[in-house]
Amino acid sequence: MTRPLSELEPGERGKVTEVDGDADAVRRLMDLGVIRGTTLEMVRRAPLGDPLEVRVRGFMLTLRRSEAEHITVE
Amino acid sequence: MLHVALAGNPNTGKSTLFNALTGMRQRVGNYSGVTVERVEGRYRDAEGRPVSVLDLPGTYSLSASSPDEEIALSVLVGRAEGVDTPDVVVIVVDAQNLERNLFLASQVLELGIPAVVALNQVDAALAAGIRIDPVELTLEVGAPVVATVATRGEGLDLLKQAVNRAAALPPATRQFELPDEAAQALAPVEACLARGGFNPSAAAMEALRLLAVTQIGPHLAAVPGLAAAVEKARARVEVAGLTPRSLEAEARYGWIAGVVERTTERTHTGKKTLTERVDAVALHRVWGPVIFVLLMALVFQSIFTWAEPLIGWVEGLFNLLGGSVGAALPQGDLRSLLVDGVIAGVGSVLVFLPQIFILFLFIGILEDSGYMARAAFIMDRFMRSVGLHGRSFIPLLSGYACAVPGVMSTRVIENPKDRLATIMVLPLMSCSARIPVYTLLIGAFIPPVAVAGIFNLQGVTLLVMYLLGTLTALAMAAVFKKTLLKGRARPLIMELPPYRLPSVRSLALSVGHRSSMFLRKAGTVILSLSIVLWALATYPKTKPVPGTPAEAAQEQQLAHSALGRMGHVIEPAVRPLGYDWKIGVGIVSSLAAREVFVSTMGTIYGVGSADETSGALREKLQRERDPRTGLIAYTPLIAVGLMVFYVYAMMCMSTVAVVVRETGGGRTGVKWAAFQFAYMLALAYGAAFLVYRGGLLLGFH
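Those sequence lines, one after another, are chains Z and C.
Position 62 of the first sequence, counting from 1, maps to 62 under our numbering, and the rest follow consecutively.
Position 26 of the second sequence, counting from 1, maps to 26 under our numbering, and the rest follow consecutively.
Derived by calculation from the structure, the hints in this document are not laboratory data.
One or more of the hints may lead you astray.
As the list claims (entries may be wrong) - Derived SDA-like pairs: lysine to any residue, alpha-carbon spacing no greater than 25 Å straight-line:
#1 K482/C to R65/Z
#2 K620/C to L462/C
#3 K271/C to T39/Z
#4 K15/Z to S246/C
#5 K417/C to R65/Z
#6 K486/C to D24/Z
#7 K272/C to E12/Z
These figures come from a predicted structure and were not determined experimentally.
I would like the entire structure built from these sequences, with the hints used as guidance.
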């Protein structure tokens with residue numbers, strides 16, 4: 001089952017199947033190692049609900065919900 | 001001389017390594033045409049030969065999709081204007097996060113420059129259960145790897161030796177292969193770059209990078225036929241069933257996975273790291289904002305109150321200096337120039353140093369400790385509602401103390417449009433120099449009556465002025481982001497780095513850089529303008545009738561001077577706001593700094609050196625009558641209008657000087673500063689007009 005990264009609950013993990021959206025955002029995410037097959041873990045949401053904190057390859061990455069909606073995980 | 005460039009991800013200890021190598025002998029400037037900071041230093045190798053070191057901006061890749069990345073890449077391929085092509089590149093890699101760091105490293109290693117990898121923070125990595133074999137890693141990446149702990153200076157001698165030897169070694173090359181179809185598709189792009197003067201290795205790296213970027217980048221603009229070749233290559237890659245935009249990332253991370261596997265031993269500690277435990281509180285839904293507000297209150301309070309005694313000390317020192325120079329010289333223009341022009345001018349520059357010092361000390365601590373990224377994380381949602389970035393919050397907040405350090409601190413905002421929008425609205429935040437103006441006018445014209453039982457009308461008026469400035473700043477930011485500085489919403493994709501203890505040395509260096517930059521760039525402008533204003537208030541001379549008291553003589557001189565005449569000239573313009581020429585003079589003279597309004601009014605009304613709490617000046621203002629009508633000259637309504645004028649008008653040449661500098665300098669900078677001055681003046685005039693005329697219509701006076 002696939003769903004957008006933005007729908008993961010804190011503590012849940014998913015494996016990336018697709019990275020889409022704004023070209024610059026995609027490029028940046030890929031430079032940081034968010035590519036097909038990467039495991040992501042939702043850590044938390046910011047106090048106002050956005051942006052999100054995600055664990056990628058052993059470090060903490062923040063991105064907005066609008067970017068996370070374009071990352072599909074399974 | 002050997003030229004070395006340091007490349008690496010942000011938060012890898014790259015700057016600490018740079019500081020450890022070069023000591024305090026550093027030069028900070030800008031790359032030509034952009035506001036990316038250029039930091040250079042030197043060290044002597046074991047034989048005593050000088051080696052120059054350039055600290056490239058910290059980047060996660062060389063995609064050249066941000067100004068920092070574009071600069072780093074163009075320096076490394078020898079295409080940055082005014083920068084020597086590096087002979088050796090030192091790639092700083094964080095041992096705690098080898099995987100992500102190797103992405104940039106693998107790009108740099110392909111550029112055909114002799115390279116050394118500094119495997120930094122190996123101590124912290126060991127503590128986290130990560131052990132990397134430098135020898136294995138050397139074999140994998142094809143360049144010498146030296147383990148270092150920059151914070152303690154470990155491994156530096158070995159690193160310097162490796163740098164000296166690297167110049168003689170063959171440069172590293174790409175350690176992985178692309179799928180055949182992709183390699184064939186890219187061959188024409190590589191050939192095109194080779195014709196443009198790139199070595200085959202750098203051409204291959206650029207070609208692969210170009211597949212996934214939206215812009216070719218200024219440093220490649222002169223390569224003929226490149227855009228078309230890249231377009232063709234993308235099409236061919238797609239025909240082969242591959243994805244152009246993920247090809248590079250998948251190829252590199254595919255290779256990296258194998259390298260990490262073969263060089264790293266991981267013993268799982270299972271414990272939560274310190275950073276995870278701190279963030280559980282610092283980013284908590286309730287405690288996160290509470291801690292954030294407390295920290296901001298501390299920063300705010302300190303630039304306001306801790307700077308106060310230091311500012312008083314600077315002012316006292318310059319008064320003393322002015323007094324003793326004044327006593328030593330005979331009365332005359334030379335004395336007046338030295339005391340009221342030069343010494344007062346230097347004093348008005350140095351008076352900013354305490355606030356700059358304290359603000360940049362705090363920003364340095366927040367940035368180096370890793371909290372700045374968390375502050376942006378917490379504030380991003382709120383700031384985005386007016387089109388700004390989470391990082392704009394701290395510069396705007398510091399604007400309450402003083403716009404000068406606030407504008408300088410906008411460098412923490414990476415996106416140029418967000419940064420410009422922040423600079424453009426920052427002087428609307430009511431700074432501490434407006435307080436004397438508010439205090440004088442509120443004290444003289446607003447009665448201390450109770451409002452709603454518990455508030456004092458004087459306090460409420462002050463609060464309204466602060467709110468007016470703040471709300472207008474946020475609204476104008478939204479307007480600018482929707483019009484002049486319109487752009488696609490920039491993605492917020494940022495690392496939350498592990499917390500670290502800031503180093504005293506790097507804090508001292510960054511505070512020192514800011515202070516000296518302010519003194520050199522803004523200080524000279526402020527000083528020369530102070531002298532110009534002094535001259536305007538001093539010439540042409542008038543001869544006082546002998547026996548006139550000193551205060552009255554000063555009053556006559558000011559009325560007679562060029563400045564006084566300017567007051568008369570602009571009187572028709574300020575009449576609709578209810579002001580006479582005397583307020584006109586006050587406004588013109590407060591171009592130097594807003595608080596000068598108070599002392600000018602003191603001079604005009606012949607009460608000598610007045611401050612905002614001076615009872616004599618208040619009384620004179622209340623009693624002043626219009627010579628033509630005989631009516632009271634200044635009413636509470638006029639005073640409120642005048643305060644609103646000061647909320648909006650950019651009456652501060654120090655801020656103008658800093659804005660010129662921080663918006664690109666030269667003509668671009670002057671253009672932005674002039675625009676800002678004009679729009680704020682228009683706002684000020686319009687708002688004061690509305691308050692006065694609207695108030696009259698509503699029956700106030």
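Do the hints match the structure? See the list:
For the hint linking K482/C to R65/Z, the alpha-carbon distance of about 21 Å falls within 25 Å, and the restraint holds. A hinted pair counts as satisfied when its Cα atoms are at most 25 Å apart, and K620/C with L462/C qualifies at roughly 22 Å. Only pairs whose Cα atoms come within 25 Å are accepted, and K271/C paired with T39/Z is accepted, the gap being roughly 20 Å. Under the criterion of a C-alpha separation no larger than 25 Å, the hint pairing K15/Z with S246/C is consistent with the structure, at around 16 Å.
Straight-line distance between C-alpha atoms of K417/C and R65/Z comes to about 22 Å, which keeps the hinted pair within the 25 Å bound. Taking the CA atoms of K486/C and D24/Z, the gap is about 17 Å. The hint holds against a cut of 25 Å. Under the criterion of a C-alpha separation no larger than 25 Å, the hint pairing K272/C with E12/Z is consistent with the structure, at around 17 Å.
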